[in-house]
Amino acid sequence: MAWGRTSMSDGDGRLEVRKTYKLYIGGSFPRSESGRSYEVRSADGERFLANAALASRKDARDAVVAARKAFPGWSSTTAYNRGQVLYRVAEMLEGRRSQFVHEVGAGEGLKRRDAEAAVDAAVDRWVWYAGWSDKVHQVQGSSNPVAGPYFDFSVPEPTGVVALVAPPASSLLGLVSLLAPVIVTGNTAVVLASETAPLPAITLAEVLATSDVPGGVANLLTGRPAEIAPWLASHMDVNAIDLTGIGDPELATELEMAAAANLKRVVRPPAGTGDQGTDWSGDPGLDRLRAFLETKTVWHPVGI
Amino acid sequence: MPTFDYAPAPESRSIVDIQPSYGLFIGGEMVDPIDGTRFKSVNPATEEVLSEVVAAGPQDVDRAVDAARAAYAGAWSRLSGRDRGKYLYRLARIVQERSRELAVLESIDNGKPIRESRDVDVPLVAAHFFYYAGWADKLGYAGFGPDPRPLGVAAQVIPWNFPLLMLAWKIAPALACGNTVVLKPAETTPLTALAFADICQQADLPPGVVNIITGAGDTGRTLVEHPGVDKVAFTGSTEVGRQIARSVAGTRKKVTLELGGKAANVVFDDAPLDQAIEGIVNGIFFNQGHVCCAGSRLLVQESVADELLAGLKRRLGTLRLGDPLDKNTDIGAINSAEQLDKIRMLSEVGETEGAERWSPPCELPERGFWFPPTVFTGVSQSHRIAREEIFGPVLSVLTFRTPTEAIEKANNTPYGLSAGVWTDKGSRILWMAQQLRAGVVWANTFNRFDPTSPFGGYKESGYGREGGRHGLGAYLDV
Amino acid sequence: MPQPQVSPGRTRRRPAAALASSLKPVTVTIPAGFADVTASNDTLRRFLHGLPGVDQVGAEARAAMLATRSIKTTAKAFALDLAIRMVDLTTLEGQDTPGKVRALCAKGRQPDPTDPSCPPVAAICVYGDLVPTAVEALAGSGIHIAAVATAFPSGRAPLDVKLADTKAAVAAGADEIDMVIDRGAFLAGRYLDVYDEIVATSEVLGGDAHLKVILETGELATYDNVRRASWLAMLAGGDFIKTSTGKVSPAATLPVALVMLEAARDFRNQTGRQVGVKAAGGIRTAKDAVRYLVVINEVAGDDWLSPDGFRFGASSLLNDLLMQRQKLATGHYAGPDYFTLD
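Each protein sequence line maps, in turn, to chains H, Y and D.
Straight run, no breaks: the first sequence in this note's numbering ends on number 556.
Straight run, no breaks: the second sequence in this note's numbering ends on number 547.
Straight run, no breaks: the third sequence in this note's numbering ends on number 540.
You may find that some hints are simply not true.
To be verified - Here chain H is said to cover these stretches of chain Y; the calculated rule only asks that three of the stretch's residues, wherever they fall, bring their Cβ under 8 Å from a Cβ of chain H:
(1) 173 to 184
(2) 207 to 214
(3) 391 to 402
(4) 497 to 507
Stated by the list, open to error - No farther apart than 20 Å at their CA atoms in a straight line, the calculated lysine-lysine pairs in the PhoX-like style are these:
(5) Lys274/D / Lys396/Y
(6) Lys270/D / Lys396/Y
(7) Lys396/Y / Lys485/D
Stated by the list, open to error - So the derived list for chain Y, only partly shown, Cβ under 7 Å to chain D, looks like this:
(8) Thr72
(9) Pro79
(10) Asp338
(11) Asp343
(12) Tyr532
Don't read these hints as lab results, they were simulated from the structure.
Backbone N, C-alpha and C define an ideal beta-carbon position, used for all residues, glycine too.
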């Protein structure tokens, strides 16, 4: 199937208004402070798609500041409210389906039918996570029958600011699979999008910006993860890092060592062929929800 | 006359469109009854006739159960949990979109103040559907095994005190777990259930997944005793609950019951007094006292009883009783003439038994069913008004001296639905909670509900829980 | 010890040796039954800590429920006019000048030049050195002149400086003084010092001026502290308890006012003396002001529904009250161009 024009052009040669792709930090869409950009081409290299912003370490720094600022508010909203916001995101995702189908197809080199399947799976994945906001505590928390006159309970709490390296090959479904569990539990996120297929990430950012997600809760940066990830891995105000999108095992090791500086919680990339082999369509389970939750246990005496 | 007189602030009725008559919602459509009769539904605040609804007959019940069975065996059981969840999300969203209409309709049909239906009932309805929508595709994580199965067709009979909310409490978890339902709303409050039928159509819910049949006690009995249902869920009086428990004996039907209560609201001498007074008022006068978990027995520590009662009486003087559609009304109409008679009768009993009766000065409208907030002091455990559920705005006040005595008195009842504890001391809250034989304990608050929070009783207040992860258990084959 | 004489609103102070200033002995009365409470810091602390606690969630929920009251038509007209009459029109800026104060006084006398039926405000509130300008500008109007004093807003100065500040304002013609309590002393548990300072300040006023005691509830942080500070200020003879200086956020909130009105109500029930409540800072819209009136109405009652029972310390609130008032009269929404900025 010929992709040719974007889905917004019509047959009689009308010139389309092309979209600009910028970063998403603190609820706004700035260009990189470095002024840099890079060419995004279709998966087969044939076509120019867009110039995406090439994020710098300062952009990453600013994104962490925004994420930290947003954390107290976001983590203290009710679980119900977070679920409502995420469900609204799903509604907006659904509304932009054709735009996503185009971007995912062009960027990953997928036939239309496969691009549609990937986008539909991403929306459904988002809905699945939205429904966890007010249930993960019931599954991960407990009251503990300690051997003494105490009421003892354990509650899961979000860890804080989480840096995410998105899967390079699965530009929407993989991205959603990493981002949704982080923010539904009350964490805030700084995401390094796929370098070769960054456009769905920015369109996702537009969805977030129009869905009552407070600014700073999710920050999306396009560019070279290999360049930026070390700055996030060593950042002392980042609480956790998900290295899923790092395909180079040596780099992943270096990043994990850098993360040890403030004992970040680390999610390692999948073993073997990196995320190329990951099937993102399966049941995600609870691992990605658990990875960024701390457990707080409280004791209180029981007596008159 | 008070200096600051609130002018009438009526919510407009124009948003609702009540039809002159309704059929039954079976198999996705409104249909005429086969052998049902018709009766009138009345506005309890004005006694005006609102509409004519059907009292479904045995053949109507058959038809509804058959439709639910067909939907269960057919379209509904083929759907993934994810898709069931999506239907529930649609229902939740439409409830939000039509929230003002539903709130006004509820107040007109039930008599409760618009402020309550707008700020409490309808938002909770939407929240329940949202919460259970999210469980539909996660049942394997709910602690009932890796692949819990639904029961089949659920017969659900609900009361008149929170009509739409009780509907949500029943339908949302049932559908999330993969069941189909036949629901009978209370005879005095059918209208929001019938509006919900319309919402099911707007959501394109597969026909037969939800069936709504109106009627009174007979219809309910026929439904519950129908051999084609796999599950019975009932909220209502303990008396009827007992009958249902007997009728399902020896069958394979699973049953959950949420019945009456005579909750103790215990106030200690170190309670935050002003908030305790609010909690007492909220506990027994919210929803005109038509609440199964109402704090109908105030147990106040003797050393602080006089001060508390003085404050309580002063507070009752600021309660506003009147037109349920006035946004400033606190206390609405009693739901029916029958209920009003019962409340009056038991209040007279209270006086005869020797308790001292007090109400703030209260102008009751001429038409409609009304009862002023009433407090009985000098009540003891042996009085009928301390033992029997009045289900009206009547508070019985007893005293106690020590925490142990408070527990003894609080637990000295066949009921066990809820209880309240007011104290500044954390360990005492937890000790009381541990000792109280009640399914819901509210500490330094009262009458709080949330879809994530399991609700249900001990002893004769019923069994099974609604809400939370636990609430799924009622609708799974576990 | 000389027998205390009866004089409403005053409370006995401790022997002068404990205070830094020399003040003439005072005629005071202690509310019946409270004589021992102020005998020492320990007894005062035990009393204040023995007051019933305030559950934060419950208090805020009650305030939120009262905020849902729908006040329309005649009730709204009544409320707007009452709110205007309760405004202490305020300017407390380093950059205040006589010109600014004169303009404010003119506004206070005639808030809406297009509508003579609009009532004047209760008071103008300024820094003490601008009182003479206000006196001249308000002559014959009946509007009170309130001056902030006692090293407002921080209160961090020696007591004799704070009292001199107060004396000067009274001498210049202020008939209301808005003092600040020493929050540092309060939070450090030196309740009797806080009490003594309030008593000393009230003595400087003599019999004519009335004393508002600013608790600075935003710094007290908990409702329990607000209740305790309210009682302390009322026992010490304050005529009004006031939420805030307006220089610290959060300033007035509906739940804080609710707790203070409950305290004032309870104080009157136990002592017979009525103390007013002033909410200051952060009240910008007529809708907010009407909510406060609802809270007064349902928590404290009619007796507080007048400028002698309640005040709003505000500046921009007045124009919003006027806009709403105009909307009620004309039927359409008003715009800010039609109201004076002073």
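Cross-check of the supplied hints:
1. Check on the region 173 to 184 of chain Y: 0 of its residues sit with their Cβ under 8 Å from a Cβ of chain H, so the three-residue criterion for coverage is violated.
2. Here's how the region 207 to 214 of chain Y fares: 4 of its residues keep a CB closer than 8 Å to some CB of chain H, so the rule of at least three is met and the hint holds.
3. Counting residues of the region 391 to 402 of chain Y whose beta carbon lies closer than 8 Å to any beta carbon of chain H gives 0, which falls short of the minimum of three for the stated coverage.
4. Note: the region 497 to 507 of chain Y has 4 residues with beta-carbon separation from chain H under 8 Å; the three-residue rule is met and the coverage holds.
5. The suggested pairing of Lys274/D with Lys396/Y holds, with an alpha-carbon distance near 14 Å, which does not exceed 20 Å.
6. Only pairs whose Cα atoms come within 20 Å are accepted, and Lys270/D paired with Lys396/Y is accepted, the gap being roughly 11 Å.
7. Only pairs whose Cα atoms come within 20 Å are accepted, and Lys396/Y paired with Lys485/D is accepted, the gap being roughly 16 Å.
8. At a threshold of 7 Å, the smallest CB-CB gap from Thr72/Y to chain D is about 5 Å, leaving the interface hint in force.
9. For Pro79/Y, the suggested interface contact is broken, since its CB lies about 9 Å from the closest CB of chain D, more than 7 Å.
10. Evaluation of the Asp338/Y hint against chain D yields a violated restraint, the C-beta minimum of about 9 Å exceeding 7 Å.
11. Against a cut-off of 7 Å between C-beta atoms, the interface hint on Asp343/Y holds, since the closest Cβ of chain D lies about 5 Å away.
12. Nearest Cβ of chain D to the Cβ of Tyr532/Y: about 31 Å, over the 7 Å cut. The hint is violated.
Checked against the numbered hints above, the structure violates hints 1, 3, 9, 10 and 12; every other hint is satisfied.
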